[in-house]
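Trainee: If you read the protein sequences in the order shown, they are chains L and F. Read in the numbering used here, the first sequence has 75 at position 86, and its numbers run on one by one without any break. Read in the numbering used here, the second sequence has 198 at position 209, and its numbers run on one by one without any break.
Hints are not guaranteed to be accurate.
Chain copies aren't distinguished; within one or between two, either way the pair holds.
As the list claims (entries may be wrong) - Only pairs whose alpha carbons sit at most 35 Å apart, straight line, appear in this in silico DSBU-like list of lysine-lysine:
(1) K52 <-> K(-7)
(2) K173 <-> K52
(3) K163 <-> K71
(4) K23 <-> K163
(5) K52 <-> K104
(6) K163 <-> K111
(7) K23 <-> K201
(8) K71 <-> K52
Hints in this document: simulated from the structure, not taken from any laboratory. All figures in this text were calculated on a predicted structure; none of them were measured in a lab.
Here is what each chain is made of, one letter per residue.
Number of protein chains: 2
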Amino acid sequence: MSKKAHIAVILSGNGVFDGSEIHEATMTLYAIMKNGGTYQVFAPDIDQYHVINHITGEEMEEKRNVLIEAARIARGDIQSLKDFQPDEFDALIMPGGFGAAKNLSTFAFDGSNCKINGEVEKAIRGMADKGKPIGALCISPVIVARIFGDVELTIGQDRDTAEAVEQMGASHKKTDHGEVVVDKNRKIATTPCYMLDANILQIAEGADNVVKSMLELME
Amino acid sequence: MSKKAHIAVILSGNGVFDGSEIHEATMTLYAIMKNGGTYQVFAPDIDQYHVINHITGEEMEEKRNVLIEAARIARGDIQSLKDFQPDEFDALIMPGGFGAAKNLSTFAFDGSNCKINGEVEKAIRGMADKGKPIGALCISPVIVARIFGDVELTIGQDRDTAEAVEQMGASHKKTDHGEVVVDKNRKIATTPCYMLDANILQIAEGADNVVKSMLELME
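Just chain L, with the same shape it has in the complex (with noise of 0.2 Å):
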């Protein structure tokens, strides 16, 4: 890479069980700096699907917005995906949590059939058309499954999420932790994180495999 890469990172909230995975987040903040690139964070101006007390699993009684909540993991310094634009990006990468399956597509309800965000899906095929790669974490290899198809990649080893990206045309690869799948014609990497029953130093792994893996792809 002869210059210092520039990554947009797409979130869905601020929470495993409602938005974007906390530890995936930050630790995919971290390998861009620690790899020598720099970040701009990017999430949807739209509601969360719902709020989940993350004691209790239950739904909680309140409205929260996936833009407003995912600037706590920014620190305020986010955008409205609306104003995403593929030329000022070298890369993008979405980390897990199931914010991608509810907020960001409607995959944890619809499954293979599940609705991709417009403002998501417009944001990566921008970056598609461009060449330029794509990163996926955890659960949100999901997305991409649904708007490209024939794309090869890793959910883990959670055979009924398999089945369905597979039902979408993606051909899946069972990985363990750390573990980065790389298809090299779509320049996609994707590592299951969370989706496997993981610690917090496997997330900063698999963070750390997946962002310098979109470097090569940069390459």
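Add chain F to chain L, keeping to what the hints say.
Mentor: Leaving out everything else, chain F in the frame of chain L:
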């Protein structure tokens, strides 16, 4: 250190402006595991002082609970601080964020005359009484200053905050990114993190260094 250190982490919510700073909290958990330890996250079961929109900086018309919000960072694996038992842990650490100065204490409003949450003070005194190390990042050192008075610590370089901790009886040492001040007598290790204009690499370094210092204090 002969055995695996088990470290209690006290959070104050989930977001820099009204709770725990997310990068500092995540990097603290990471540093503990990276240095061979294990952790348990705690938070007091109280309402947040307020809820801040992290994009605009303005107060939002809603209530959130510190324990329930902190559970997002802990992925649900969290305990109420009222159940904290010093015997079960080898050390205790507090990441920063305004929550330390708004929820765990009233430092943001009362400065050197601040009150400390009763459960927080009990947990910290319980560890100190047993000669176990305490770590504090960012603004959290104000809590140990208020509890112990004569402690050597750092809050970075902010003059007003440094003056306030000195008014509480502490001896302040100016520090730069990643530096740790260790009070060997009291077994307290502090580091500035986002009290300086820092990036996430510097936060990871500070968290790692303060955890290493705590482990050395256990020897």
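Trainee: Hints first: check each against the structure and report whether it holds.
Mentor: Okay, the hints, checked on the actual structure:
Taking the shortest Cα distances, K52 and K(-7) never come within 35 Å of each other, neither inside one copy (38 Å) nor across copies (42 Å). Proximity of K173 to K52 under the C-alpha cut-off of 35 Å is found in neither arrangement, the shortest distances being 40 Å within a copy and 47 Å between copies. For the homomeric pair K163 and K71, the shortest alpha-carbon distance inside one copy (34 Å) is at most 35 Å, but the shortest distance between copies (43 Å) is not. In this homomeric assembly, K23 and K163 come within 35 Å of each other (Cα to Cα) both inside a single copy, at 27 Å, and across copies, at 26 Å.
Taking the shortest alpha-carbon separations for K52 and K104, both the intra-copy value of 21 Å and the inter-copy value of 32 Å come in at or below 35 Å. Taking the shortest Cα distances, K163 and K111 sit within 35 Å of each other inside one copy (28 Å), while across copies they are farther apart (48 Å). For the identical chains of this complex, K23 and K201 are neighbours both inside a copy (10 Å) and across copies (20 Å), given an alpha-carbon limit of 35 Å. In the homo-oligomer, the alpha carbons of K71 and K52 lie at most 35 Å apart both inside one protomer (21 Å) and across protomers (29 Å), since each shortest distance falls under that limit.
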